[in-house]
Structure formats: C-alpha cells, structure tokens
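Please build the complete structure, drawing on both the sequences and the hints.
Those protein sequences? They're chains A and B, same order as listed.
Note that the working numbering has the first sequence beginning at 14, numbered continuously upward.
Note that the working numbering has the second sequence beginning at 1088, numbered continuously upward.
Please keep in mind that the hints were generated in silico from the structure rather than gathered at the bench.
Predicted model, so just to flag it, every value in this text is computed and none were measured.
Ideal Cβ positions, reconstructed from N, Cα and C, are used throughout, including at glycine.
Errors might be hidden in some of the hints.
Claimed, not checked - Reference listing, derived: stretches of chain A covered by chain B, where coverage requires no fewer than 3 residues with Cβ under 8 Å from a Cβ of chain B:
| id | stretch |
| --- | --- |
| 1 | 59-69 |
| 2 | 76-90 |
| 3 | 94-101 |
| 4 | 104-112 |
| 5 | 116-122 |
Claimed, not checked - In the DSS-like style, the derived pairs of lysine-lysine whose C-alpha atoms are separated by at most 30 Å in a straight line are:
| id | chain 1 | residue 1 | chain 2 | residue 2 |
| --- | --- | --- | --- | --- |
| 6 | A | K119 | B | K1241 |
| 7 | A | K135 | A | K78 |
| 8 | A | K119 | A | K135 |
| 9 | B | K1225 | B | K1139 |
| 10 | A | K73 | B | K1191 |
| 11 | B | K1241 | A | K58 |
| 12 | A | K119 | A | K78 |
| 13 | B | K1139 | A | K104 |
| 14 | A | K119 | A | K104 |
| 15 | A | K78 | A | K104 |
| 16 | A | K73 | A | K58 |
| 17 | A | K135 | B | K1191 |
| 18 | A | K135 | A | K73 |
| 19 | A | K73 | A | K104 |
| 20 | A | K119 | B | K1398 |
| 21 | A | K119 | A | K58 |
| 22 | A | K58 | A | K104 |
| 23 | A | K58 | B | K1191 |
| 24 | B | K1267 | B | K1241 |
| 25 | B | K1191 | A | K119 |
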Amino acid sequence: MRYGFAGAVILGALLWAAADLRAHHAVQAAFDQDDHATLTGVLTKVLWINPHVRWFLDVKDESGKVTTWTISGAGPGGFRDIGISGRDVFKTGETYTAIVARARDKSPNGYVLTFILPDGRKIDLWHQYKSEATSTGADTK
Amino acid sequence: MTCGPIRRFVVTVAAAAAVSLLLIYLDAAAQTRPASNGAAASVPTPRTPDGKPDLSGRWGGGGGGAGGAGGVQAIEPNGQVHQFEHYSEYSAALAAGRVSANAKIVGRQPNYRHGNNLYSERDAGFTQRAFGNPPLYKPEVWERVQYLDENGNKEDTTFSCFPPGVPRLGPPMRILQTPKDVVLLYQNRNTWRVIPTDGRPHDPVNSQDQTFMGDSVGRWEGDTLVIEVIGFNDVSWLGWPGWFHSNNMRVVERLRREGNTLHYQATVHDPDVLMEPWEMDPRAMPLNTSDAPYLEDPPCLDFDLSHMLTKERG
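Here it is as structure tokens:
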C-alpha cells in the first residue's frame, strides 16, 4: 500500500472539513451516545429555552411508580431555523415516546434522538445513533 | 514488515496533518479577513448630518441556531425523501396527502463527521486550542490557566448561563446612532448598551461597579468609534478555554464602517494577569438588508452541569 502526496492532501482535507464544525455545548460530557433509553410517558412541560430545549416526561414503570425525566434537545435557535416552535409539535398532557441518549450519571436525564408523536409519526431531532444502520429510528437497546 | 511502508505511512499521516492544519489556518484567516470585496468598497460610507460615519444598521447574519439545521426532511418507508425548508411546509404537504403519515421526519440533519457529535466536539476543542489566539498570561497565573483549560466545560461561566460580557459578546447585530450616543443591540440574551459620545468621562459610580458589560464611553478618532470600557467583574471570560481576566481589565473597542461593511476590533488591557494587551480576532460584517423580524433570544437555564461527568467540550 502506498500513501502518496495526493492521499495526504485528501486525508488532510477530510480532517479540515471535520474541524470546520462549531459544536454547541459539552453534550458528550453529560450524555452517553452509546447508552439509549426508550421512554413513554405524558408530556407535562416544555421549556423553549437556552442553551437547550427541555421536555419533561412523566414515565410510569411496571410498579406504577412515576419518574419525571428531563429531556434535552438542540438550542431553540436550531429549531427556529427549521420552523419548529414547540407549540405545533409538542402538546402537554399527551403521550409521547422519546428515544434518548442517557445521562452519564444515570439520573433521569437524556438527550433526545427521536420523538414518536401521539399519532405515531416519528421525528428525529438528533443524529447520534451509533451507525447509519440504526439511524432509521429503530432503537437498538 | 520492513521499515519502508511504516515510514511512508508516518510521513503520509504527518503530511496529512500538516495539510489539515494549513487548511484550518487558511479557513480561519478567511473568516477573519475584512470583507472588503469590490461591491462593498464601491459603496460610499453613509454619514450623519454632523459628518460622522453612520454606523446605524443591521449587521451580519444575526442570530441562528446550532449547526445541523438544513430544513426538514420526510423520508417515506420506500426511501423517497421530501425536502422542506420549514416544518409548516411539511405539515401542509402531510395535510394535502403529498407525504404519508408513515414518513419519518428528520428535524436535524447530520453535518458532522460520520454524523457523530462526539467527534465533532473533539474536533472543535482541538481547533479552538490550536488556533484560538490565546492571551499571553503572566507566569504567576499559569496554574489557573491550566486548571481552566482542563475544566473548561464546568468552569465556563456562559455554560451556567452567565452573560458572556464584553468583549466576548463580540460585535452588535444592530446599531442606532444619535449625535450624543450610539446604541448597540445584541441578539445574545437580548442585550443592549448605550455608549455616550458627548465627551463625558466614565461614570464615577458605574465605573467602580463590577459588571459583565462594564461602563462605556465613546469618542470619534477620525472615522473610527473608539469605546473605552472599565468597571468589569472577573467572572466573564475572554474566550474558551479559560481565558480569564481580572476586574481591573480595560477594554478598547473599535467600530469602523467602510461602505456597507462594519469592522469590529477589541483590545484587552489587563496587566494584573496578562503579559501584554490581547488583541481579539477582528470581525468584519456586511450590512444586512433583511427586514426579517428581530426575535427574542430565550432565557438561559442550566440543567446539565450537575451530571456532566467528563471533560469533553466542543
């Protein structure tokens, strides 16, 4: 195998393209992109705030105990750019399913990958699935 | 295995890294280069009746979201992709039956390497450290510099929703100019500043206060508006990771209009902690003729610091 100058240029250009990104916050410090949870519960509150939008989901386990999960998403500006205001998609009192990257401390916090809306439609709001194969919305855990 | 292939591989990787660094540098240089293209330079600089350059206007691209926007997609089970600018267009198509209810909605499309935010944040952290124009700190504060560099994602006060302050706030997105003052409006946290230009000295009380924005007075040096700012706290940073300052910091900002381009530059004087004045990367912004509404920047409320376990940060 030979690695010529052209190869170096191509590899360098790829590295440059990757570095030309402006990540938002320390999402990876708080959430584990390889640890997913699927949560179904009643949406009790939506906060359209910085630095990340928050949803609050009351999730009932098999024993009937209710845990309130705090779910983060992108910043409100990111949603604004694509015309999602929150009001049109997320309605409190209705039941949603959220697939999230769990908080590293295993607290009831997560970063949303996909919401399944009350009518069954799926909406991907992040792209943190581990591979393209799972990015079609099906959770792997 | 012989040494030849290994050596060639090492040389190639080194060359690739060098090319990458060069391209990053050129990209950064391009982003900070004054936007003095022919069209902008050919436009005369507007002036107010008193002969000063008129800085009034909407500048730059305005607010916006995190990377990854790019419209809304609806992907049918058979793989057909519908592309929309806004969610409302998708909703209309759904109502009209042009998109099926089974189509998966993609609200944020990956533009990261491998669609992987982890790599993206590491890339950004590397880039900011390698090309971030850090201030030159005095040796006696190096221990703090290193601590803040290593713990930037917990210690950065903007993460806990404090204002970025001057000069980290950067240039304004809107300027209103009168003969006696200049009003600067910022999208970030819906911030405003009123800079008196009537020759008054610093306010004796405000200039001794400790605030994020400090106490500003402006003067005209030729066609440049020079703003002197003192009265800061020592909470805000100049930039990431951990470029702190003392509460004796003095900032000098310069705003200059050339045709339809606004140039912004800031110098930080802080001999308590800096070896020499720090020059912030200059910014050049085109006049924004959009009549789009000015949107509220929603308030900031942190939920994440308490369960942030690693030092990753983009």
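Do the hints match the structure? See the list:
1. Under a criterion of three residues with beta carbons nearer than 8 Å to beta carbons of chain B, the stated coverage of the stretch 59-69 of chain A is upheld, 7 such residues being counted.
2. Look at the stretch 76-90 of chain A against chain B: 6 of its residues bring a Cβ nearer than 8 Å to a Cβ of that chain, three or more, so the hint holds.
3. For the stretch 94-101 of chain A, the stated coverage by chain B is satisfied: 5 residues place a CB nearer than 8 Å to a CB of that chain, which reaches the threshold of 3.
4. Note: the stretch 104-112 of chain A has 0 residues with beta-carbon separation from chain B under 8 Å; the three-residue rule is not met and the coverage is violated.
5. By the rule of at least three residues with a Cβ nearer than 8 Å to a Cβ of chain B, the coverage given for the stretch 116-122 of chain A holds, with 5 such residues.
6. For the hint pairing K119 of chain A with K1241 of chain B, the CA-to-CA distance comes to about 19 Å; that is within 30 Å, so the pair holds.
7. At most 30 Å may separate the alpha-carbon atoms for a hinted pair to count; K135 of chain A and K78 of chain A meet this at roughly 27 Å.
8. Pair hint K119 of chain A plus K135 of chain A holds up; C-alpha atoms about 25 Å apart against a cutoff of 30 Å.
9. With a C-alpha separation of about 40 Å, the suggested pairing of K1225 of chain B with K1139 of chain B is violated against the 30 Å cut-off.
10. At most 30 Å may separate the alpha-carbon atoms for a hinted pair to count; K73 of chain A and K1191 of chain B meet this at roughly 26 Å.
11. Of the supplied pair hints, the one linking K1241 of chain B and K58 of chain A holds, its CA atoms being roughly 27 Å apart against a limit of 30 Å.
12. Between K119 of chain A and K78 of chain A, the direct Cα distance comes to roughly 17 Å. Compliance with the 30 Å bound is thereby established for this hinted pair.
13. This hinted pair does not check out: K1139 of chain B and K104 of chain A have alpha carbons roughly 52 Å apart, beyond 30 Å.
14. The straight-line distance between the Cα atoms of K119 of chain A and K104 of chain A is roughly 27 Å, inside the 30 Å bound, and the hint therefore holds.
15. Simply put, K78 of chain A and K104 of chain A have alpha-carbon atoms about 23 Å apart, close enough for the 30 Å limit, and the pair holds.
16. The suggested pairing of K73 of chain A with K58 of chain A holds, with an alpha-carbon distance near 16 Å, which does not exceed 30 Å.
17. Annotation: proposed proximity of K135 of chain A to K1191 of chain B holds, straight-line Cα distance about 5 Å (limit 30 Å).
18. A distance of roughly 21 Å separates the Cα atoms of K135 of chain A and K73 of chain A; the hinted pair therefore holds under the 30 Å criterion.
19. Taking the CA atoms of K73 of chain A and K104 of chain A, the gap is about 19 Å. The hint holds against a cut of 30 Å.
20. Annotation: proposed proximity of K119 of chain A to K1398 of chain B holds, straight-line Cα distance about 17 Å (limit 30 Å).
21. Proximity of K119 of chain A to K58 of chain A is assessed by CA-CA distance (about 21 Å); at most 30 Å being required, the pair is judged to hold.
22. For the hint linking K58 of chain A to K104 of chain A, the alpha-carbon distance of about 9 Å falls within 30 Å, and the restraint holds.
23. Taking the CA atoms of K58 of chain A and K1191 of chain B, the gap is near 24 Å; set against the 30 Å cutoff, the hint holds.
24. Only pairs whose Cα atoms come within 30 Å are accepted, and K1267 of chain B paired with K1241 of chain B is rejected, the gap being roughly 42 Å.
25. Between the alpha carbons of K1191 of chain B and K119 of chain A the distance comes to roughly 29 Å, so the proposed pair stays at or under 30 Å and holds.
When held up to the earlier numbered hints, the structure conflicts with 4, 9, 13, 24 and fits the remainder.
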